[in-house]
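Chains A and B, in that order, are what the protein sequence lines are.
Quick note: the first sequence, position 34, residue 34 per my numbering, numbers continuous.
Quick note: the second sequence, position 120, residue 120 per my numbering, numbers continuous.
By construction, these hints were calculated from the structure, which means they are not laboratory data.
Worth double-checking, as some hints may not be accurate.
Some chain A residues flagged as far from chain B (calculated, every beta-carbon gap over 12 Å) [stated by the list, open to error]:
id, residue
1, 39
2, 54
3, 67
4, 88
Calculated cross-link-like contacts (lysine to aspartate or glutamate; reagent style EDC-like; alpha-carbon spacing at most 20 Å) [claimed, not checked]:
id, chain 1, residue 1, chain 2, residue 2
5, B, 31, A, 15
6, B, 31, A, 104
7, A, 107, B, 35
8, B, 46, A, 15
9, B, 31, A, 96
10, B, 46, A, 29
11, A, 110, A, 92
A short, non-exhaustive set of chain B residues, derived as facing chain A with CB atoms under 8 Å [to be verified]:
id, residue
12, 16
13, 18
14, 22
15, 24
16, 28
17, 29
18, 32
19, 36
20, 42
21, 43
22, 44
23, 46
24, 49
25, 99
26, 135
The beta carbon of each residue, even a glycine, is placed where N, CA and C say it ideally should be.
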Amino acid sequence: MSTAQLDLTFAALADPTRRAILARLALGETSVLELAKPFKISLPAISRHLKVLARAGLISRSREAQVRPCKLEAEPLKDAADWVNHYREFWEQSFDRLDIYLHELQKQDKTHARKK
Amino acid sequence: MPEKNNPPAPTADQPFVISRVFNAPRALVWKAWSDRDCLMQWFGPKGFTMQSVKLDFRPSGIFHYCMRAPDGKEMWGKFVYREIAAPERIVLVSSFSDAQGGITRHPFSPGWPLEMLTTTTFTEQQGKTTITIQWSPLNATAEGCATFNSARPSMNQGWSGTFEQLEAYLQSQQSK
């Protein structure tokens with residue numbers, strides 16, 4: 001996946017309505033009408049969000065059925081999540097270790113001080 | 001001057017922020033970041049062991065390391081220090097690397113940006129030190145930067161719920 005693709009994914013995910021749509025689609029394929037129900041915005045507004053999500057490759061629309069249900073596409077989302085989580089996890093876990101290490105260093109200092 | 005405990009306000013192109021308070025004075029925390037032997041004791045995720053470390057802690061100096069993952073895979077990484085303002089701030093460019101010190105793509109995710117600008121700040125309050133790390137992709141397009149910027153708040157706060165819901169789905173996709 002290119003960096004440009006990652007940019008598209010992040011732009012699509014920046015909006016709370018679009019994240020809610022994705023969360024709903026994680027439960028299964030859904031028609032646009034069904035998808036719009038929980039939101040207090042117009043159908044054309046939902047359609048615009050869906051277009052952004054489709055352009056980012058996060059969803060696809062079936063061509064077969066007349067209602068053209070929306071389906072979540074996992075791969076770009078997974079790449080974006082991996083990218084963010086990589087940095088988070090690396091540092092969260094390093095911080096855990098640093099915390100223990102700093103604690104040990106301070107314990108050593110105190111022991112030295114007592115010996116003197 | 002009294003130290004503020006708040007993380008610095010995000011500026012342009014800084015999409016990720018991570019912060020933690022440590023129960024240690026800033027001088028000690030700074031030592032843990034600037035001394036090779038100290039750094040080896042904690043740097044890297046759980047279960048990773050440091051195999052090779054070269055640290056030249058000065059502006060334009062390099063931290064070049066190799067970590068062995070629990071599964072035996074080796075990963076090389078590199079920092080190039082841009083600014084060192086003891087004991088307050090370190091600015092560096094981080095990248096994945098090879099044994100020769102070249103810059104490489106992420107081994108498992110070739111689409112990732114090659115370099116990340118990383119700013120780490122250290123602030124002390126009542127004997128405790130807050131470390132805040134901010135990242136932004138380096139040499140990304142202006143559009144890319146704007147995008148990351150606009151997405152930053154949701155990445156830092158609003159994603160976890162969505163991802164929890166999606167996790168099961170993603171796993172089912174992978175096992176296909």
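Status of the hints after comparison with the structure:
1. The beta carbon of residue 39(A) is kept farther than 12 Å from every beta carbon of chain B, the shortest such distance being approximately 15 Å.
2. With a minimum CB-CB distance of about 17 Å to chain B, residue 54(A) clears the 12 Å threshold, and the non-interface call stands.
3. The Cβ of residue 67(A) sits about 21 Å from the closest Cβ of chain B, beyond the 12 Å cut-off, so the non-interface label holds.
4. Chain B draws residue 88(A) into its interface by the beta-carbon criterion, the shortest separation being 6 Å against a cut-off of 12 Å.
5. Proximity of residue 31(B) to residue 15(A) is assessed by CA-CA distance (about 41 Å); at most 20 Å being required, the pair is judged violated.
6. Taking the CA atoms of residue 31(B) and residue 104(A), the gap is near 14 Å; set against the 20 Å cutoff, the hint holds.
7. Pair hint residue 107(A) plus residue 35(B) holds up; C-alpha atoms about 19 Å apart against a cutoff of 20 Å.
8. For the hint linking residue 46(B) to residue 15(A), the alpha-carbon distance of about 33 Å lies beyond 20 Å, and the restraint is violated.
9. Proposed proximity of residue 31(B) and residue 96(A) is supported: the alpha carbons are some 17 Å apart, at most 20 Å.
10. Between the alpha carbons of residue 46(B) and residue 29(A) the distance comes to roughly 38 Å, so the proposed pair goes past 20 Å and is violated.
11. A threshold of 20 Å between alpha carbons decides the hint, and for residue 110(A) with residue 92(A) the separation of about 27 Å lies outside it, so the pair is violated.
12. For residue 16(B), the interface hint holds, the least distance from its beta-carbon to any beta-carbon of chain A being 6 Å, beneath 8 Å.
13. With its C-beta approaching chain A no nearer than about 5 Å, residue 18(B) sits inside the 8 Å limit, and its interface hint holds.
14. The beta carbon of residue 22(B) is positioned within 8 Å of a beta carbon in chain A (closest approach about 6 Å), and the interface hint is therefore held.
15. At about 4 Å, the closest approach between the beta carbon of residue 24(B) and any beta carbon in chain A falls short of 8 Å, and the interface hint on this residue holds.
16. At a threshold of 8 Å, the smallest CB-CB gap from residue 28(B) to chain A is about 6 Å, leaving the interface hint in force.
17. For residue 29(B), the interface hint holds, the least distance from its beta-carbon to any beta-carbon of chain A being 7 Å, beneath 8 Å.
18. At about 6 Å, the closest approach between the beta carbon of residue 32(B) and any beta carbon in chain A falls short of 8 Å, and the interface hint on this residue holds.
19. This hint is violated: residue 36(B) has a C-beta 14 Å from the nearest C-beta of chain A, more than the 8 Å allowed.
20. Using the Cβ-Cβ criterion of 8 Å, the hint placing residue 42(B) at the interface with chain A is satisfied: the shortest such distance is roughly 4 Å.
21. Contact between residue 43(B) and chain A, as hinted, is supported at the beta carbon level, the nearest pair being about 6 Å apart and thus within 8 Å.
22. Interface hint at residue 44(B): satisfied, since its Cβ lies 6 Å from the closest Cβ of chain A, which is below the 8 Å cut-off.
23. This hint holds: residue 46(B) has a C-beta 5 Å from the nearest C-beta of chain A, less than the 8 Å allowed.
24. Contact between residue 49(B) and chain A, as hinted, is not supported at the beta carbon level, the nearest pair being about 12 Å apart and thus beyond 8 Å.
25. Checking residue 99(B) against chain A by beta carbon gives a least distance of about 20 Å; that is not within 8 Å, so the hint is violated.
26. Checking residue 135(B) against chain A: minimum C-beta separation of about 6 Å stays under 8 Å; hint holds.
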